[in-house]
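Peer 1: Residue numbers (our numbering), protein chains in the order written: chain A, 1 to 331; chain B, 332 to 833; chain C, 834 to 1176; chain D, 1177 to 1498.
Derived from the structure by calculation, the hints contain no laboratory data. Using N, Cα and C, we set each Cβ at its ideal position, and we do this for glycine too. One or more of the hints may lead you astray.
[To be verified] Going by beta-carbon spacing under 8 Å, a handful of chain C positions derived as facing chain D:
(1) Gly884
(2) Asn1018
(3) Asn1046
(4) Ala1050
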Amino acid sequence: MRQKMSSLKNRILCRLDIQASAVVLLIVVISIAMSFVYDGFLSAYNIKAMLMSYVPEGIIALGLTLVIISGGIDLSVAGVMPFTAIVYCMLMKAGVHYLPGMAIVLAAAAAIGAVNNFLRRLLDVHPFIITMAVQLTLKGFNLVVTGAGSISGLPENFMEISQVRILGLKIPLVVFLLLAALWMVLLAKNRFFRKVYFVGGNPKAAELCGINVNRVMYFVFIQSAVLAAVAGIMAVFNYQAANYSYGSNLDTRAITAVVVGGTSMTRGGIGKIGGTIIGLVFIALVYNSFLLSGINTYYQDVITGAFLIGAVLIGERIKYRGKPGKKEDKS
Amino acid sequence: MDAILKLEGIGKMFGGNYVLKDVSLEIGRGEVHAVIGENGAGKSTLMKIIGGIYEPNEGVIRKNGEKILLHNAIEAYKQGIGIVHQELSVADNLTIAENIFAGRQPVNRFGFVREKQMCEDAGKILGEMGIRLDPREKVGNLSVAMQQIIEIAKVVSHRIDVLILDEPTSSLSNKEIAHLFELVRRLCREQGMTVIFISHKLDEVMAISDRVSVLRNGNFIGTLSGEEITASRMIHMMVGDQLDSRSFLAPKTPEGEVILRAEGLCREGKFRDVSFALQKNRILGIFGLIGAGRTESILSLIGADRLDSGRVTYEGREIRLSSPKEAIAKGIVYLTENRRDLGLFLPKEISDNVIAASLGAFTTKRHTVDRKKAGEAVEGYIQKLKIQPPVMDKPAGTYSGGNQQKILFSKVLLTDPKVLIVDEPTKGVDIGVKMTIHHMLRDLADSGIAVLLISSELPEILKLSDRVLVMHEGECRGLLENRDLTEREVMAAVYGEKEVQQ
Amino acid sequence: MKKRTRTTLAMVLVLALLLTAGACGGKKSEEGSGAADRSDELYVYVTFEKGSEYFNWVYAGFLAAADELGVKAELQGPADADASQEAKVLDTVTGKHPNGILAACADQDTMVSAINNALGEGIPVITCDSDCPGSDRLCYLGTDNSSFGAVAAEYIGEQLGGSGEVIIVTLFGSAAQEERCAGFNDHLAEHYPGIRVVETCNESGDTATAESNTTAALQANPGVKAVFSTGGTGSAGAAAAVRTIGRTEEIVVVGSDFGTATLECMEKGEIHATVVDDPYMMGYQSMLQLFAAAHPTDIISANAPYGHITTSDIYFGCSLVTAEEYTENADLKEKYTNTPSFN
Amino acid sequence: MEEQKKKLHVSGRILTLSVTIVVCVAVMSFLKPETFFTVSNLGSSLTTVTFNLILACGMTVVLMLGCVDLSVGPIVAFTSVVVAKLLQGGAPIVPAILAGLLIGSGIGALNGTLVGYGGLAPFVATLGTQSVFRGLSYVLTSGYSVTGLPEGFSKIGQGTLWGISNLILIAALVAAVLALLVPRLAFFKRVYLVGTSRSVAFMSGINSNLILIAGYTLSGFLAGLSGILMASRYAMGNAGFAVGYETQAIAAAVIGGAVMAGGEGSILGTVLGVLLVAVVNNSFIQFGGNAEWQTAISGIMLVFTLFIDVMRTRKAKRKGLI
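The whole structure should be built from the sequences, with the hints applied where relevant.
Peer 2: See the structure below:
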């Protein structure tokens, strides 16, 4: 009997991820409060605007969730996003149709993702260093190519397609919702995606029971870079232009969303896409509430930073009762 | 007897010296073949070669007659060879079912895992092994013993005909061992599976195996079958001529007064009212299988883990140690059994490792590290314990198991302890070093230190302890005086009178 | 386990209340003086690099005019120069349906869809300081940046007597500062062909980086006689650079705007002159235009649904204030030093 | 092999860096004798590099702990703002400076506590404090520079002693003291061990959490010092100071041989890393290359130096050195 009871309690416990549920509670409370402050808060337009404003961070956060679960980190996304937006615009201005253009840009991003993992293994260095170096290099390249201006005047056929709305929603939002649903199902169900949890949880054991850890890590870094490219393309859809300054501290906001959502950076193999989406909604909500309530938005950084630390502290203290993480030596 | 597996002239070198030399033996189809040998005889290395983890430097492996070359675990599984490793390789963040079917979960045509079917299959496999566990349970919440069984279930679930078990019973209770043997026999009878079973516990070997091969210091000694399998023959072949005096190493000095007393130590879910007293010049042995709560109780005693309740009196005064730092300062030192995670700074050189625990002693008035004094101390221990190679700046990770244990001993002894707690001191250590450690422990006790020896190796307990505290499943089962105590009496205490009669 | 969950929930509730209290407290409820019923009208100024002194002055003017008209005003925008972030802010603000939006655009093209979307919702949008020509914004109020550059070029041309080498320090990516560089170069080419611009350094919005890049450029071209910085951060950096190589007397340093740091260097003589336009007036005028646009009269105006707002762009002149003029002229100093503060 | 590789790695790295710097300087002096190899150019380009140097030294210690500190930039800005406000409010110079150093160390200690006792990943903890203190700097100043500082205070950052700028002297002092103490002080031996493995250090009687707090406090102290020097150099406190300086500090430390896995790295290597980046940037501008390439340069250099290191250890392995 005791055996039965503990597993039941356990299943509830792991469903009810304490940290994510604490954030959901916060979201509900803030939404209710804000709806008093500003009645249009829960209007369809505002919700859409709120989600629209976090589409690039959202798409990138999906990729980052897998990277962090596998025990790595990918800062190059903040360089890849503007890079792909710029190259995509240049291709279209050079006459390439927007669909093949998209394919070329996604392929380039996949190559960057592969380079990330290749250098990580060759130079035997923490992914933080390599992806930071790639970010710096790409940002420099973006600045030089655009001469610090912005690229616009895209061909007509693209201008039309970028205005198309599906079910009343703009394409970037639709793409994000589709990708989020897809990644959530794949990470929960697909066998290859599940391998990321093994590699994150116990890489040595994963190797021993026949999981090709290297191939999984290549996949993780490539999908992160490709999603960053999708975010870049969606930015071009949104603004019909590209500028080197896009996504200048996008990686910070995306990582905050992933971590607030319950994905752990000290214990490998812990995290869900659902948690990341909750983290994303939370940050978008805080950002949006500040905008609408007119408080001095400088407080927003202070509050977001404090909540990031608070949410992870709650997670650490409650879920793991302070058990030291297996990999607490790694940063 | 047609040989399903033939090993011809297998040789393996690690860092320049031979770990296995010219090993040739045959494993019959459908038999339980035990491979025994003292620690460090090369058993695990040989099994890792068959299991495709290591590649041999010399020699050939033949399966069903034709030569096979294995590079990794996947190829071994394809050849029908599965290995259950000594160190646990489970992902404790995932469920039991996912661990069993790691990487090969049943999927539908979209590549999506069929959760229900996976749990059913996992349930079936667990059922076969007589375990009532919910496949959706998180492995992290299971006991070490249960995780070991999940590990075995995982390997058996591959369609293999050769199953290698590398010291599987080290953390199982008697009931679980009986279950395992029953499962092994059933696998051989019903599925014609060949099982290679590695152990250094002779009673288990005699109970289960059809044939026994013996390794000593990396060489193949011989194979016994049928009636030839007797304890004395096996010991003789394992230890060879060098008279391994298993006899009790008696203390040479009179019993000192009690220096440390622990009463009623409790920690929820780990151990209940553990009590013992440590006397100077004496060795108290704590015997019990892994998972009996011995290490946990000591870690709580020295402040590395939480202690719910209990009294600890040291040198007459009651104390509550808050951290290993305080324990070391008071002269209570713990030598961990987990060298890799808690014992040594593997990437760092020997001198750093040895002085790590006594940095205070080597700090000058100007807060700098007195390198000369530290160097001498480290040099002293390298000579005293004959650490090979006797170089100061080689990383600890590159040393063999035995030498790493010597480095750990130097680190611990450098703090000149009053109470020395050693946990599985000779685990994964070759025979030569094992002897030196045993004699050293006795000399340390004679020099006035109170020694607490934790070990799951009964011969070692009997050889060294003046008194034996038996623990099982978190409780103290009895305190026995070691006046020519026999293994049977200790095992009786472990399981309590009635169980042994079955 | 139970006790700990209770403490978590309590902690979480406290944090949430803290935020919502902040939210309610912050609701702008400034009552306009005098004006009758317009106190609930809201006009939002959306900018990039929120917090740069120049834009603080623009908002000060905007706020003063709003108080005059008895309406509410608000400042929103990203702290960095990320155009996509600013576009998101504008989209969100549009959701609030303010009575008018003034936008200073981080770059010329990104804000087009956001601005048109706001206009589509019936909200008048005008741009200031950095324009977004591709959008249907009603009008643009800004400094004639090319003449801004020309004024500086004229001063340097005189000081250098028509010949010598010059360095420009600018913020790469800022449309306004790019126009100032262009104006500076054109004016020099036309009137003082003898003066050559040898290097254009990037200040990248950080005083120390501006100093290190300018220092390196000065070292690379020892013959340089003058430095012109098109932005506030660059001015302080350029002054520090010249001071580092110890040639404060020989090199003419011309800064931009009247950031507190620039003013201090002027007092110390490390900046010889600064080109100033009038961001306060720009903000004030923008508010008036926006108010006019938001209140159409019964006479149909030029841009129909909205009120009578100028159709042609409005350019504010700029002038050069030399260090001597600034130090002697008391009210000028008084005007620029009591920086408006607001939250 | 690990340690030999590491030993070779760190001393080898110092060798590579010094050779590269000497070669660059020689080439530049040859190509641009009158503008590059002048006392004023070397002196002035050194002055501008001091802030990075001080931050990079702090970052090296944090990397030795196996951690990272993303909050150094905001600490510089926050300290400069608070010190400037104190001075503007009439506080005497020395107490204001002490307050600034205290604030920097305080924030560092907070980071250490969050990582040590709080159990947060260093990346997450310092990411949180980064946005908190950058936000607070803007809240305090709403963007304005805090000026009107006493003459004596700006003398520190702008003055010179024996013809050398005070900044260089202070930075050199910080680097020299750390370079001297790091290999010798028992504290840094504990940092070195905690960086390798916190659990082994804990079991060896080293209070890992305390060492983490001390390491981050040192990094915070040095960031506070940079904030004060920057405030005095430009005679103002500004919320926008030192944006992105943490990335440059990490890049310089890693180029100098620091390894993210903790335990490795030398102050001397970091100093050379900072100098190399400065020399390359300076030469780039000397050649009139457009400055837009600068951000890309440090990224490429980072990968390049790591690459040389791998090649050297491979060559050494082939020659049976290790």
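Peer 1: State the violated hints by number, sorted upward, taking the hints as numbered earlier in the document.
Peer 2: 2
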